[in-house]
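Whole structure, please, built from the sequences with the hints as guidance.
Sequences listed follow chains A and B, in order. Here the first sequence is numbered in my numbering, starting from 1 and rising by one per residue. Here the second sequence is numbered in my numbering, starting from 1 and rising by one per residue.
If you are wondering where the hints come from, they were derived from the structure by calculation, not from laboratory data. It is possible that part of the hints are untrue.
Said to hold, decoys possible - For each label pair, taking beta carbons as the anchor points, the in silico distance ranges come out as: (1) B:V218 with A:G91: 20 to 30 Å; (2) A:R110 with B:P83: 54 to 64 Å; (3) B:A227 with A:G57: 35 to 45 Å; (4) A:R135 with B:V157: 23 to 33 Å; (5) B:V166 with A:G57: 55 to 65 Å; (6) B:L146 with A:T246: 55 to 65 Å; (7) A:Q84 with B:L231: 42 to 52 Å; (8) B:H112 with A:G91: 28 to 38 Å; (9) B:V218 with A:D8: 26 to 36 Å; (10) A:T23 with B:V157: 49 to 59 Å; (11) A:Q84 with B:L20: 32 to 42 Å; (12) B:G150 with A:C17: 29 to 39 Å.
Note that beta-carbon positions come from the ideal geometry of N, C-alpha and C, so glycine has one too.
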Amino acid sequence: MTGVRVVDVTKSCGRTCALAGVTFGAGPGVTGLLGPNGAGKTTLLRMLATVLAPDSGTLRLLGRDPQDTGDRLEIRRRLGYLPQEPGFHRGFTVFEFVDYVAILKELTDRRARHDEVRRVIDLVGLADVADRRIRALSGGMKRRVGVAQAVLGDPDLVVLDEPTAGLDPEQRLRFRDLVSRIGEGRSVILSTHQTEDVAALCPHVVVVDGGRVAFDGTPGQLTSMARGRVWLAPERAPAARIAWRTAEGDVRNVGDIAPPGAQVVLPTLEDAYLLLVGDRARGVAA
Amino acid sequence: MPELARVQAWRVARHPALLLGLLWYVLGVGLDGPAAPYDRYSMVTAMLVFLLAVPAYFAVNLVATSGRRSGVDEWTGALPMPPLHRTVAMLLAAAAPAVIAAVASLGWLALHGGDTGLPLLWQHVASPPAAILGAGLLGVAVARLLPWPGLPLVAVVAVVTANAWVSAHWPYLGAYVDFVRSTGGDAIPAREPGSAGWHLGYLLALCALAAAGALLPVARRPWLPFAAGALAGVVVLVACSLQLP
Numbered sequence: 001m002t003g004v005r006v007v008d009v010t011k012s013c014g015r016t017c018a019l020a021g022v023t024f025g026a027g028p029g030v031t032g033l034l035g036p037n038g039a040g041k042t043t044l045l046r047m048l049a050t051v052l053a054p055d056s057g058t059l060r061l062l063g064r065d066p067q068d069t070g071d072r073l074e075i076r077r078r079l080g081y082l083p084q085e086p087g088f089h090r091g092f093t094v095f096e097f098v099d100y101v102a103i104l105k106e107l108t109d110r111r112a113r114h115d116e117v118r119r120v121i122d123l124v125g126l127a128d129v130a131d132r133r134i135r136a137l138s139g140g141m142k143r144r145v146g147v148a149q150a151v152l153g154d155p156d157l158v159v160l161d162e163p164t165a166g167l168d169p170e171q172r173l174r175f176r177d178l179v180s181r182i183g184e185g186r187s188v189i190l191s192t193h194q195t196e197d198v199a200a201l202c203p204h205v206v207v208v209d210g211g212r213v214a215f216d217g218t219p220g221q222l223t224s225m226a227r228g229r230v231w232l233a234p235e236r237a238p239a240a241r242i243a244w245r246t247a248e249g250d251v252r253n254v255g256d257i258a259p260p261g262a263q264v265v266l267p268t269l270e271d272a273y274l275l276l277v278g279d280r281a282r283g284v285a286a
Numbered sequence: 001m002p003e004l005a006r007v008q009a010w011r012v013a014r015h016p017a018l019l020l021g022l023l024w025y026v027l028g029v030g031l032d033g034p035a036a037p038y039d040r041y042s043m044v045t046a047m048l049v050f051l052l053a054v055p056a057y058f059a060v061n062l063v064a065t066s067g068r069r070s071g072v073d074e075w076t077g078a079l080p081m082p083p084l085h086r087t088v089a090m091l092l093a094a095a096a097p098a099v100i101a102a103v104a105s106l107g108w109l110a111l112h113g114g115d116t117g118l119p120l121l122w123q124h125v126a127s128p129p130a131a132i133l134g135a136g137l138l139g140v141a142v143a144r145l146l147p148w149p150g151l152p153l154v155a156v157v158a159v160v161t162a163n164a165w166v167s168a169h170w171p172y173l174g175a176y177v178d179f180v181r182s183t184g185g186d187a188i189p190a191r192e193p194g195s196a197g198w199h200l201g202y203l204l205a206l207c208a209l210a211a212a213g214a215l216l217p218v219a220r221r222p223w224l225p226f227a228a229g230a231l232a233g234v235v236v237l238v239a240c241s242l243q244l245p
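Shown next as structure tokens:
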């Protein structure tokens with residue numbers, strides 16, 4: 001069964017057109033969703049989390065229609081969602097908050113629920129601070145609380161909106177380990193600005209730009225789009241869209257075409273992403 | 001839903017507003033307790049309402065609105081438990097201050113050997129917890145019907161002002177927790193007793209009215225709480241008349 005199927009979905013927020021006909025599908029495994037700020041990623045994820053309804057188009061989640069009341073309830077029972085900026089009851093302890101979400105997820109048997117809460121808290125590495133109040137946690141720890149509640153009850157579809165924001169490098173690596181485990185056997189939609197996370201985790205990547213899908217394929221296919229368009233030179237090249245001096249002292253130029261005689265190098269996913277979304281990505285790449 | 005009600009009740013019970021009200025009550029009655037007969041009687045029939053109802057209202061309202069204020073509601077809407085069940089759980093949790101008030105009343109009676117100095121009916125003892133239950137339920141209703149910052153304060157100021165106005169113009173309708181003729185040491189002029197049972201019915205009907213109001217925005221069939229609220233409104237009017245001496 002396809003985890004997510006989105007066909008020609010549109011959504012307007014006031015006068016702004018957030019999504020202008022988005023189409024893509026995502027099956028089991030981790031699907032990376034890339035895009036510059038304001039591309040419509042969060043709007044799309046809120047739809048996948050059944051928080052928002054599309055203005056038009058077709059949305060199928062876990063083979064069901066979220067517009068239908070009964071289907072929506074069934075989807076919500078099998079869905080885990082971490083929003084971009086999750087609010088917390090700050091007076092709750094970690095355990096109390098995850099338990100509170102577990103109750104809202106209709107895990108009714110108290111003993112089984114507490115076992116499940118302890119399992120997910122342990123999964124995200126917060127067992128030592130389970131009794132600490134959320135207001136006393138660091139930003140990275142709060143993100144992990146958010147991830148813990150998202151994986152409560154082993155959901156079939158997990159929607160994570162920028163889960164690595166605010167995490168230090170070690171936490172990010174731990175998070176990759178966690179997401180790759182979550183992605184085994186279920187659908188995970190991962191929105192991020194970190195192309196390294198996508199390259200490391202996602203067999204499938206969708207790039208959203210200006211409310212449309214700019215790319216839908218594998219990271220390898222996306223990277224290959226930049227082949228022959230990344231080169232090293234002693235100085236910034238006029239033909240480069242983006243260029244930066246590397247640690248080795250050379251300038252890495254990313255542009256439409258490498259000048260004759262340039263030292264062309266293998267592109268990365270980030271190079272391809274920069275080329276695809278152009279100037280709008282510069283804020284992300286900086 | 002019972003599990004959510006338990007969690008929310010615990011949040012209400014330990015809310016600073018309610019704890020402050022309880023502290024006020026303890027300080028207000030003093031550690032030795034009142035000596036005059038009427039004041040002893042008032043301990044279980046009036047003081048709790050005066051000192052705990054408003055804190056209970058704010059405690060319940062703040063718990064009921066905490067999800068909106070903290071941003072939790074923006075994403076927990078995607079969780080399976082429907083809004084109707086969440087509101088019913090909150091209404092059940094609103095009983096926590098009333099339970100605390102009942103325990104305080106009965107505890108006071110037990111400590112003083114049941115001697116209130118004046119004749120006491122079980123309806124007298126039940127009325128303050130019922131009034132505090134109404135305050136809590138009103139807190140939920142305001143949270144659901146008026147979900148804008150500042151309006152819970154406006155609502156409670158309106159209720160207190162209206163009560164003070166009624167007390168000034170129709171003394172039998174205001175401060176009508178005194179059901180028996182008071183004796184020496186009475187701070188309130190002597191009055192003819194009314195019906196303690198109908199007064200309790202009046203308070204419970206007000207509770208039902210507040211609960212119906214809270215359920216109105218989240219019910220699958222809004223006419224049901226609307227009809228229940230209308231019925232409760234009629235009972236309020238009838239009981240209000242019949243409680244008078």
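Checked hints:
no.: 1; hint: B:V218 with A:G91: 20 to 30 Å; verdict: holds, 24 Å
no.: 2; hint: A:R110 with B:P83: 54 to 64 Å; verdict: violated, 23 Å
no.: 3; hint: B:A227 with A:G57: 35 to 45 Å; verdict: holds, 40 Å
no.: 4; hint: A:R135 with B:V157: 23 to 33 Å; verdict: holds, 30 Å
no.: 5; hint: B:V166 with A:G57: 55 to 65 Å; verdict: holds, 57 Å
no.: 6; hint: B:L146 with A:T246: 55 to 65 Å; verdict: holds, 59 Å
no.: 7; hint: A:Q84 with B:L231: 42 to 52 Å; verdict: holds, 45 Å
no.: 8; hint: B:H112 with A:G91: 28 to 38 Å; verdict: holds, 36 Å
no.: 9; hint: B:V218 with A:D8: 26 to 36 Å; verdict: holds, 33 Å
no.: 10; hint: A:T23 with B:V157: 49 to 59 Å; verdict: holds, 54 Å
no.: 11; hint: A:Q84 with B:L20: 32 to 42 Å; verdict: holds, 36 Å
no.: 12; hint: B:G150 with A:C17: 29 to 39 Å; verdict: holds, 35 Å
In this structure, the one hint that does not hold is number 2.
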